[in-house]
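One line per chain: the protein sequences are D and H, in this order.
With my numbering applied, the first sequence covers 1 to 428.
With my numbering applied, the second sequence covers 1 to 277.
A hint or two may mislead.
Straight-line Cα separation of at most 25 Å, DMTMM-like style, residue types lysine to aspartate or glutamate; simulated pairs [as the list claims (entries may be wrong)]:
#, chain 1, residue 1, chain 2, residue 2
1, D, Lys-344, D, Asp-288
2, H, Lys-240, H, Glu-218
3, D, Lys-357, H, Asp-66
4, H, Lys-91, D, Asp-112
5, H, Lys-165, H, Glu-218
6, D, Lys-161, H, Glu-265
Derived by calculation from the structure, the hints in this document are not laboratory data.
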Amino acid sequence: MDKVTYNNRIICFSLLLSFGFWVLSSPVFCAEEPSIRGFLQTNYSARITGVKLPGAKRQELMLGEERGRLEGSYYPSNTKVGFNVKGDVFHDWVEDSWGVALREGYMDYLMDKFDVRIGRQIVTWGVGDLLFINDVFPKDWEAFYSGRPLEYLKQGVDAGKLNLYTDLVSAEFIVIPHFTPDNLPSVGRFFFFDPYPNIMNREVEKPKTTFGNTEYALRIYRSLGGADLSAYAYKGFYRTPAMRADNFISPTTISHFYPELAVYGASLQKSALGGVISAEYGYYDSMDDRNGKNPGIENSQSKFLIGYQKAFQNDLTVGLQYYGELMSQYKEYKAKLPPAFFRKKELHQYITLRVTKLLKYQTVKLSLFTFYSPDEEDFFITPEASINVTDNMLLALGTNIFTGVKDNTSFGQQHKNSNIYVLARYSF
Amino acid sequence: MRYIKVLIMILALGIIWTKVSFSSDTLTPEEIVRACYVRFYYAGNDMKARILMKLIDKGGQERIRDLTMLRKNYAEGGELSFAEASEGRQKYFIYFHQPSDVKDTTFMVYKYPDRDDDRWLFIPAINLVKRIATNDKYSSFVGSDFSYEDISGRKLKEDTYRLLKEEELNGKGCYVIESLPKGSAEYTKRISWIDKVSYLPLKEEFYDTQNDLYKQFEALEIKDINGIPTAIKRAMKNVKTGHRTEVTFQSTKYNLGIGDDIFSERYLRRPPAEWIK
Numbered sequence: 001m002d003k004v005t006y007n008n009r010i011i012c013f014s015l016l017l018s019f020g021f022w023v024l025s026s027p028v029f030c031a032e033e034p035s036i037r038g039f040l041q042t043n044y045s046a047r048i049t050g051v052k053l054p055g056a057k058r059q060e061l062m063l064g065e066e067r068g069r070l071e072g073s074y075y076p077s078n079t080k081v082g083f084n085v086k087g088d089v090f091h092d093w094v095e096d097s098w099g100v101a102l103r104e105g106y107m108d109y110l111m112d113k114f115d116v117r118i119g120r121q122i123v124t125w126g127v128g129d130l131l132f133i134n135d136v137f138p139k140d141w142e143a144f145y146s147g148r149p150l151e152y153l154k155q156g157v158d159a160g161k162l163n164l165y166t167d168l169v170s171a172e173f174i175v176i177p178h179f180t181p182d183n184l185p186s187v188g189r190f191f192f193f194d195p196y197p198n199i200m201n202r203e204v205e206k207p208k209t210t211f212g213n214t215e216y217a218l219r220i221y222r223s224l225g226g227a228d229l230s231a232y233a234y235k236g237f238y239r240t241p242a243m244r245a246d247n248f249i250s251p252t253t254i255s256h257f258y259p260e261l262a263v264y265g266a267s268l269q270k271s272a273l274g275g276v277i278s279a280e281y282g283y284y285d286s287m288d289d290r291n292g293k294n295p296g297i298e299n300s301q302s303k304f305l306i307g308y309q310k311a312f313q314n315d316l317t318v319g320l321q322y323y324g325e326l327m328s329q330y331k332e333y334k335a336k337l338p339p340a341f342f343r344k345k346e347l348h349q350y351i352t353l354r355v356t357k358l359l360k361y362q363t364v365k366l367s368l369f370t371f372y373s374p375d376e377e378d379f380f381i382t383p384e385a386s387i388n389v390t391d392n393m394l395l396a397l398g399t400n401i402f403t404g405v406k407d408n409t410s411f412g413q414q415h416k417n418s419n420i421y422v423l424a425r426y427s428f
Numbered sequence: 001m002r003y004i005k006v007l008i009m010i011l012a013l014g015i016i017w018t019k020v021s022f023s024s025d026t027l028t029p030e031e032i033v034r035a036c037y038v039r040f041y042y043a044g045n046d047m048k049a050r051i052l053m054k055l056i057d058k059g060g061q062e063r064i065r066d067l068t069m070l071r072k073n074y075a076e077g078g079e080l081s082f083a084e085a086s087e088g089r090q091k092y093f094i095y096f097h098q099p100s101d102v103k104d105t106t107f108m109v110y111k112y113p114d115r116d117d118d119r120w121l122f123i124p125a126i127n128l129v130k131r132i133a134t135n136d137k138y139s140s141f142v143g144s145d146f147s148y149e150d151i152s153g154r155k156l157k158e159d160t161y162r163l164l165k166e167e168e169l170n171g172k173g174c175y176v177i178e179s180l181p182k183g184s185a186e187y188t189k190r191i192s193w194i195d196k197v198s199y200l201p202l203k204e205e206f207y208d209t210q211n212d213l214y215k216q217f218e219a220l221e222i223k224d225i226n227g228i229p230t231a232i233k234r235a236m237k238n239v240k241t242g243h244r245t246e247v248t249f250q251s252t253k254y255n256l257g258i259g260d261d262i263f264s265e266r267y268l269r270r271p272p273a274e275w276i277k
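Go ahead and model the full structure; you've got the sequences and the hints to work with.
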């Protein structure tokens, strides 16, 4: 997503609207000093499988960049508005190009019982640890799989958000006029399974920025009996593309598009059993393929997870999760599935484990996260060691290991992408 | 209405104070520790403090934790009895100013007398609020020499107490009390010098399984704030590693009437500017 591809009109509109709110709000009596901070970092990742990627832009190098971040926020006292802008400037060695990216840029309008945030903003919902059910917002999987810091897994949305606070419940309502897809592992950096590798020219059609394509997301939440409860609803689009072909047996033309999606779900998080338990459910209503007969579009699914996290002595924390995706219309799916496609199980599952150990007054962090799918028989394992040399200087070394019995499962298809990464970050 | 509540609280505290002051000769060791916990962890109905922690390794390298802490006490049933004051519910809200990589991070704790705490962490980089599991008996608070328990207090019933002696420390009369944990704890023995007047711990020694002193707490400066004696300079030193943590309460205020709504997901995500400055 590190391209300036966003619709500038929306940003301009947001900023204008922001300015409007600012003018309308109370006068500034004693403005606070704006706060500025950021970081400089260098981040490299190289494939360690020794397999040459055809068409690789930089041989083994999957990620190679120097990046600078500047973040400014300004919440003048005695006013109801505030601003926050986070921008990155970077040089990418794989593309050998410079780029800028607006990570976030929004205005807050703060009232007693509600507030409004307009502009590019990162929203994270749900209680899963790296498993997303009701978090329907855009992700950058390429960043995640190539060892960039975790925050880059999340992309901002250009949106307006209303937060409501009442004694009974609170709510977040998000209106997203402009569609942002997930950033998936790309050609020239990653190996991935393609059922039709011979068809090169593929159009990708994103939902146009029209009123009818506006996405809506709602979260209603409250605490009850010591548990954090949330209910969610979303109407918009899948963020991973579906496939359209003239025929799926031996296609001559293929294009990609983002089908309509609605999600309804709920989550719970609570301290229990000496740790924290999490549970989440979401029904994915595949609106463009409700009968499950189109093999290019995902079938509707029920997704669910339960998790448990516990802290032990000496800064050791362990987290376990079980996650499942139950496909609707599985009979239709099997009947219509083209031979080139990987056949998923009706229930696709993951078991994840996270172990985190802090040492040396929490300046050294050893962490491990693993995904294992018993039905697809594949793994994704990411051990990482990081050290805070000083308060400002962070060094990290880690690997992303993909392995699987088959070459076309979620992680199995990536087994040639196993990589080692390094990061050095100076914060100021 | 709020003023009446505050008045009642002040009166109640006054009664406690009087009770403690006038009957100290007959206090049991447990009652002395109870008074100490009340003064140290539950002072005021609420508190706001800007706290600077210096984490210093044995080579002298410093790390900084600059934070604002808000704390509110909840007395069950509306009346603050002495027993409840040391065992009551509390809510904590912590906002980090420095270092820069954790700026704007917030942390919230609901502390209960009879069950595990609820803890939430807000990670601003991805706008995420999540519950976290911590082991407050053993986990270090933000990488310092203080455990979570050292910061927010230990339950009274978790130790047995013995008055070892009464002696002067830096010219102040102290009860010297030994605390032995009934169950698992970071220490096997703690010895506390508790000021006979303020009931604050002036010094504490923590012993490990080998019965070696490994950690030592000192209250370095005590100041009267709104009539409440407060240890505004504290230090915890690990005598085995040479690492130490110096804590300065740069500004402390009590009984501000911090609203219950502050301790919520809303303000974790957008820290209340008027409270965290």
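Hint by hint, here is what the structure shows:
A distance of roughly 20 Å separates the Cα atoms of D/Lys-344 and D/Asp-288; the hinted pair therefore holds under the 25 Å criterion. Using a Cα cut-off of 25 Å, the hinted pair H/Lys-240 and H/Glu-218 holds, with the two alpha carbons roughly 16 Å apart. Restraint check: the Cα-Cα separation between D/Lys-357 and H/Asp-66 comes to about 24 Å, which is no more than 25 Å; the hinted pair holds. For the hint pairing H/Lys-91 with D/Asp-112, the CA-to-CA distance comes to about 22 Å; that is within 25 Å, so the pair holds.
Taking the CA atoms of H/Lys-165 and H/Glu-218, the gap is near 19 Å; set against the 25 Å cutoff, the hint holds. Among the hinted pairs, D/Lys-161 with H/Glu-265 is consistent with the structure: their alpha-carbon atoms are about 16 Å apart, no more than 25 Å.
Checked against the numbered hints above, the structure breaks none of them.
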